[in-house]
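**Q** All chains should be built: construct the whole structure from the sequences, respecting the hints.
2 protein chains.
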Amino acid sequence: MMFVKLTRGSTCKLACGFKFRSHNSSSKFRICQALSGDVTDSDIRIQGWVRSVRAQKEHLFLHVNDGSSLQPLQVVATSELDARGVTFGSAVDITGSLVKSPSKKQSVELHAKHIQVVGECSPVEFPFKIKERHSLEYLRQFPHLRCRTNIFGALLRLRSEASSAVHAFFKENNFVQIHTPVITSNDCEGAGELFQVEPAGRERTPDAGNQHFFSVPTFLTVSGQLHLEVMSGAFPAVYTFGPTFRAEKSQSRRHLAEFYMAEAEISFARSLQDLMAVMEGLFRATTEHILTCCAEDVALFHKYVAPGRREQVDHMLSKKFHVISYTEGIDILNRSSQRFSFPTEWGCDLQTEHEKYLVKHCGDVPLFVTDYPYDLKPFYARDNQDQPRRTVAAVDLLVPGVGELCGGSLREERLELLRTRLARAELEDTYGWYLELRKFGSVPHGGFGMGFERYLQCVLGVDNIKDVIPFARFSHSCPL
Amino acid sequence: MMFVKLTRGSTCKLACGFKFRSHNSSSKFRICQALSGDVTDSDIRIQGWVRSVRAQKEHLFLHVNDGSSLQPLQVVATSELDARGVTFGSAVDITGSLVKSPSKKQSVELHAKHIQVVGECSPVEFPFKIKERHSLEYLRQFPHLRCRTNIFGALLRLRSEASSAVHAFFKENNFVQIHTPVITSNDCEGAGELFQVEPAGRERTPDAGNQHFFSVPTFLTVSGQLHLEVMSGAFPAVYTFGPTFRAEKSQSRRHLAEFYMAEAEISFARSLQDLMAVMEGLFRATTEHILTCCAEDVALFHKYVAPGRREQVDHMLSKKFHVISYTEGIDILNRSSQRFSFPTEWGCDLQTEHEKYLVKHCGDVPLFVTDYPYDLKPFYARDNQDQPRRTVAAVDLLVPGVGELCGGSLREERLELLRTRLARAELEDTYGWYLELRKFGSVPHGGFGMGFERYLQCVLGVDNIKDVIPFARFSHSCPL
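Those protein sequence lines, which keep their order, are chains A and B. The opening residue of the first sequence carries number 0 in numbering that gives the first Met the number 0; numbering runs sequentially from there. The opening residue of the second sequence carries number 0 in numbering that gives the first Met the number 0; numbering runs sequentially from there.
These are calculated hints, taken from the structure and not from any lab test.
One copy or two, it doesn't matter: identical chains are merged, so the pair holds either way.
Cut-off 16 angstroms, straight-line C-alpha distance, at most; resulting in silico cross-link-like pairs (EDC-like, lysine to aspartate or glutamate):
1) Lys27 <-> Asp273
2) Lys376 <-> Glu403
3) Lys112 <-> Asp42
4) Lys438 <-> Glu119
5) Lys438 <-> Glu124
6) Lys376 <-> Asp186
7) Lys112 <-> Glu79
Model, not experiment: these values are computed from the prediction.
**A** Structure below.
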C-alpha cells in the first residue's frame, strides 16, 4: 500500500490546513487536506461527521465530511473494526492509512485502523435522512441543524469567502473600514419601518425624554451612510460592511428584518461614473473570487438549485454593465408592448416588474439606472438642478433574477441647498450635525450600498433570501 | 526643478494608491502616494483638507492632509496665486509640481500652480483650532468632526487595519466566518442587561406573545457564541467579528453599550491549550501587523497619549504568555502583602484589583487564568468534574493596563451533564435547540471572545474606551 501524492485543480483555500496538531501519534488533518494530496504522512487522523454508510460484504464504506470541503473522504473499514454507533450524522475520530483509491469516484481513501464514535446520532430522531435530498424549505425548519447538510455547508463556506472578498476589494482599493454603529438616534431614510431599542424589562414611554437609556429614542440602523458621510470629511474613501435592519412586515423572498450591506462613500467624487466604477468593480471582484475559490460549492448550487444560472453569471461578467437614465428607462417602458400593473409615467417609482423588463431589454446584464426624479429620492441626494424635469444624481444597480442590488447617489454637499431641503421637511434641527459637515471643509462625495444577501441570491440563483443567511430574521420568526 | 523618486520605510498600505483617476489633465494622487516617492508624474493633483497655514514673505506654506496618511503634504504657493479662503479646516484641490524639498522636515513638497477651495471653513466657528492640541475628552464632544483631527484619523486607520488583521488571522488559519445575528431570542450569558427590540411606535407589552414583531421577545445579542456553537457541528473552526450589546448603566472607561467582539469556536477541541494557542496567536498576529503597517499612527499614540506604552507592548510580545489556574491565582493573592477591597477566598470572582495584581505579579505580560469555580461560570462551561473544588474548563486572558481582554471555555458537549445543568436553572425548554446540538453527532468544542476595543486600548494605551470606536454608545449618549 503506497502513499499517494496527488494534486487537484483549484481547491478552496478556506477551511483547509488547520495549523493546530493533535497530541496523538498520527497527525491530524482536515479532510480537504487529505483530499488535496498535500499530505505526506501515511498514517493520518481525521475528525468529522458521517454523511453516508454502506456495508458491503467484508467492508464498511463511510463518507466523512468535516466542513472543510464539500467533498467527503471515503473511509474503508474491515469487519474486524468496532463500528458500532457509526450512523448517518454521527461524529467520528478515525486513524488509518491514506491510500490511492481503486475507484474512479475519488482519488484517495482512508483505510481505517481505528474508529472512535465521538458523538452518536439516532437515525430515527435526526431530521435529515441518509441519501435523501431535502428541499431548502424543509431545511429552514431546522436553523440549528441545517449547516450539517451539504447544501447549507456549501452556502456558509461561500458566504464566508464572498465576505472576505468584499473586504479584500475595499482594502485593495484603499478604503478605510469604519464600524458604523448599529444603535443610532437618526433614521437615514427618513421614513418608518424602524426597530426601536430600549433595555429589556422597561416600559417604553416614547415621549419621556430622559427616561430613555440613551436619553433619546434609539433605533437599529437602516444604513451606515450618514455615519460614513461623517468620515468623508477626513478620508479619501471609506466603507462599512455589517448588519442593517428594517421592521418590514412583508415575508417576501427578497426582504429580511436583519440583512447585511456593504456600503462605501467616496470623497471628492463628482460624477455618478465614479460610483458606478466602484459598484461594478465590487460585483466583478467578489464574483470572480468565489467562482474561482469555491468552484465546487458554487457548482453544487448551479447543479441542484439553479440550473442554467452559471451561464447567466458568465454572461453578466462577459459584458460591460449597461447604463441608462431613469428618463430613458421610462421611455423604454412606454414604448414597450408589455402591459404593466403599475404606472410608467415620468415621476413614478420603478416597480419590480419595470426593473425586470428593463434588465431583459438591456440584454440580461447588470443595469445602472441614473438620475431619478428629485421627489423620489431622500433629502441627501444631490440636486442636478435640471429643468423642467428636476432630477437628482442617484443611481441604482439592477441585476438579472433579483432586481435592485445597489442604490447610491452623490450627496448634496452644498450647505444652502441642503439646508433648504431639510428645512422644507422640518428636519433642520434633527440633522444639525449633518449640516455642520457641510459647514467645515465640505467636499463633493457620494456612495452606495449593496445588499449582500441579494448579491448571493443573484450569483447562486437562490430564490429565497432566507436561504443565503446563517440565521434568518423576519416577521414572526426569530428562533435561537 | 527635478522630479524626485524617494523611498520611505514601512508605509501603511492602507488608504494609499487610489485607483480612480481624475478627468483633469494632471493625475490625481493620494497624499500618501505623493509622499511615498512612487509618483512618476511631475505635475500632480491632490485633494484634501488644510491642517496648517503659514504665510512667509512671498510664500504661503500649507500642510494638506487627505486621511491617507498621518503625514501631510507641504504645499508651497507664491503670492501670485489666489489663496483666498485657504484656512485651517478648509477643503482644497491643488495642482502643482512635486519636487524635492529643501527642508529636512519632509522629503517632497508640492509647488502649487492652482489652488481651488472646494469647501470653506470658518476658523471662528470650527471647534478645532490651528496648532492647538485638543484633549481626547474635548474631541469626544464632536463625534461628527473628530475624525478631522490627526489623533482620531490615526485611530480610525489603525482600527481599520487591526480589523483587517483579525479577519486575516482567522482566514489564514482556515476559520469559516459566520455572520451571527444581532437580533436574537436568547440571552447567552443567562443574565440581565439586555436591550430589547420592537418596531418603533409600538407600545411594548412584554407578555403579549404574538403581539411581538417576531412573535417572541427579542434582544440585541450579547455574544455570538451559541450561534457559533451551532456551526461547531459542521465545521472545523468558525468565527464571527461584529457588534455586541450590553445595557450597562455604568459609564466606565472599559464599557460601552455597543462594542465589537471577535469570537471563535473550535470543533474537536479537547483542552484549554487548544483555545489559548488561538487567543495568543490572534493577539500576536494583530499586534505585529499594526506595529508594522501603521508604524506612524501607532507612534503618534505612543508619543502623545501613552508615553512608555510601546516598550510595554514590545515586552508583552517578547515573552510567552503566562498561564496560571484560578486556584493558583487565589493562592498568589492570599500570599500577597497587598490588601484588597474584595475577598480573595476560593470561589469568589476575580475583581479588577486582583487581575491587575496577578498580571503585575506574573511579569506584566498577558496572563491566562484557567479552571474557574463551577458556580462562577455560565451553564455552557465544561465541567472538569474535579473534587472537592469543582471547576470548569474556562479561561480568561488578562492583559496589562486593561485587565480582562478575552473570555473562553470548553463547552459542555455531554448531553446528560448539560441537560442536568439546564434543568437545575429551569432553562431546559428555552435551550431545547441547544440540547439538540448535543444529541446529533456532538463533538467536544470550545471557544472564546476578544473585546476589540479593549484590545485597541491595550496596544495603543488609550485610557477611555470611548476614544477607540468611531461612534461611542453608552448610557445617556447616542448622538447621530
